[in-house]
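Colleague: The lines below spell out each chain.
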Amino acid sequence: MKVITCRIERCLGCKSCEIACSVEHSKTKVLVSAIQEDPLPRQRIRVLNTGIKDGTYRLKSIALQCRHCDEPFCVDACIAGGITKDPETGVVHFNRENCVGCWSCTMVCPFGAIVRLQDGKVAIKCDRCPDRDVPACVEACPTGALVFGEPEEFSILLDEKESDESP
Amino acid sequence: MSPHKKIVIVGNSAAGIGALESFRSCDRESSLTIISDENRRLYSRCLLSYFLDGSINETGLSFRSDDYLTNLGANFIFNKKVTHVDSEGQVIFCDDDSKFDYDQLLMATGGSPKIPEQIDGKIEGVFVLRTMDDAITIRKSMDNARTAFVLGGGLVGLKAASAFRKSGLDVTVVVRSKHVLSQMIDYDAAQIVMSRLQENGIRVLTQSDIERVESENNKMNGVKVVKYEDDQSNPAEMILSCDILVIAKGVKANVDCIRDTRIECNRGIVTDSEMRTNAENIFAAGDVAETYDVAMEERSINALWTCAIQQGRIAGSNMAGKSRQYDGSLGMNSINFPGVDLISFGAIKGKPDLGFESIVENRPEEGIYKKIILKEGKIKGLILVNKIDNAGVLLSVLRRKIDVVEYKDEILSDYFTYGRLLGSRGQEEMSRYLYAGMNPGRPTNG
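Protein chains in written order, with our numbering: chain A, 1 to 167; chain B, 1 to 446.
Hints are computed from structural coordinates only; laboratory data are not their basis. The reader is advised that the hints may include incorrect statements.
Claimed, not checked - Short derived list, chain B residues pointing at chain A, Cβ under 7 Å:
{"id": "1", "residue": "F63"}
{"id": "2", "residue": "D389"}
{"id": "3", "residue": "G423"}
Ideal Cβ positions, reconstructed from N, Cα and C, are used throughout, including at glycine.
Kindly produce the complete structure, drawing on both the sequences and the hints.
Modeller: Here it is, written out as structure tokens:
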């Protein structure tokens with residue numbers, strides 16, 4: 001099961017991922033026309049401040065989207081049964097047709113990754129870009145901070161992170 | 001224990017289905033029977049108000065597909081009410097004199113609406129909104145109705161009122177307290193909600209009650225409303241014309257069938273952290289179960305969808321021989337009406353004299369209200385009106401008992417997000433972030 005991970009040490013907070021995500025979820029999937037759509041497409045990934053100082057004037061950031069949890073709270077919380085976990089791919093699917101906008105999923109998501117669509121009627125979250133091999137955010141990341149891969153690759157990343165942090 | 005067991009689940013709603021799913025993920029062999037006292041296929045109670053105003057139809061009320069349920073391999077029995085449980089003989093008895101023996105039993109019998117004694121629920125035009133049958137009957141009577149009253153300003157009451165308004169009825173909500181949603185939010189937050197309700201054409205009578213239903217030939221034609229002053233003196237009385245009255249004063253646990261047994265029961269069936277009752281091989285979950293409330297730090301019934309599903313899941317796993325712990329229930333609600341998105345949870349009434357402190361941001365002109373309730377540096381409760389996107393992060397901070405003293409100045413701002421937790425909590429949080437989708441177990445446990 002593949003997951004998307006953001007390597008904090010590489011994230012510049014440039015929000016290229018947010019733009020790519022919005023475009024991917026627009027009607028036309030092209031930036032110039034996407035920005036003229038009404039309502040504007042909304043990103044399902046957000047660049048967040050971590051509060052970590054990196055030695056310069058900047059604070060380090062992280063791009064965060066749905067973690068597609070193993071036992072997702074949102075699946076339990078949805079009163080319409082509209083959120084399901086695919087046992088094969090691990091992707092947590094959000095079915096917009098079912099959504100009545102009750103915000104139960106928003107209430108329980110420990111990552112704050114399910115938010116309201118602009119018109120305020122339904123929720124949205126990362127769908128792991130079903131039409132793509134590599135998610136749009138990962139492809140758009142100019143520094144390679146966002147990576148997409150199998151769990152084994154990430155255990156290496158975690159070790160790397162640990163060695164980074166050790167004095 | 002032999003591998004093939006007889007599992008009986010009483011109740012075909014959130015807790016029952018949660019149990020069915022988690023049981024089947026561990027055990028495909030044992031026989032599983034689900035008994036429901038309703039004559040309806042699976043539906044979501046929480047969606048009934050959306051059915052009332054026509055935004056979803058009967059099929060849309062389902063929260064799991066028929067194919068999916070068939071594949072789970074359960075024998076669904078409808079229209080049968082369990083009247084007695086023999087915990088020694090491991091048999092349950094039903095109202096049609098049938099009986100079922102079990103190896104493991106889950107009581108997920110839910111709750112029933114409370115009806116105040118001054119109101120005769122049998123009068124035509126007086127309703128409750130609990131079951132699909134209730135919703136269908138109400139919807140039929142809406143065709144010829146002009147005026148609707150809702151007694152009770154909780155979640156169900158306001159959702160019903162909203163649905164009536166959307167369908168063009170003249171709606172009045174009658175609440176005993178000084179504001180609506182008195183179990184969910186405080187006075188200031190309620191001011192925003194009530195002004196939005198009124199802008200939307202829903203009349204709210206606070207500190208009021210319905211003292212009597214006026215009827216002729218057992219058909220309601222009006223209600224007698226009393227409005228109290230602060231000191232309870234000189235109540236004003238009025239008789240108002242009314243076609244539909246919905247009673248929404250909360251629910252009580254359905255425990256009649258175990259009242260004369262040795263199963264321990266207060267207001268609901270007492271459960272431990274594995275959702276077991278004191279009787280061997282009997283579990284309870286959902287609106288009938290009394291659990292430990294992690295915010296109030298006492299036992300209570302949190303009759304809520306999310307709690308019911310999760311309790312059902314824990315019970316189901318444990319019935320299949322696992323040992324899974326429930327980390328406790330929590331009062332938590334989200335609601336949306338035109339102009340109001342609201343989430344609240346936990347000890348929203350925490351008073352300073354009991355060691356609670358609160359941080360508040362009140363911007364009534366923008367319709368925004370945020371309040372966080374802390375005790376000894378930990379989050380104990382939250383109210384968010386019209387700025388709700390970060391509620392889940394704060395809920396998980398509550399559940400994980402994270403000390404928030406270092407975040408106190410920013411915790412209600414947009415700056416406080418999961419990113420801040422990740423940035424300040426080091427490797428432990430990093431693993432949680434990385435492995436949320438890979439490891440067994442919930443990301444916020446532990």
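Colleague: Decide, hint by hint, whether the structure agrees.
Modeller: Evaluated hints:
At a threshold of 7 Å, the smallest CB-CB gap from F63 (chain B) to chain A is about 3 Å, leaving the interface hint in force. Because the closest C-beta pair between D389 (chain B) and chain A is about 5 Å apart, less than 7 Å, the hint holds. Taken as an interface hint, G423 (chain B) checks out: its beta carbon lies about 3 Å from the nearest beta carbon of chain A, inside 7 Å.
This entry satisfies every hint, going by the numbered hints stated previously.
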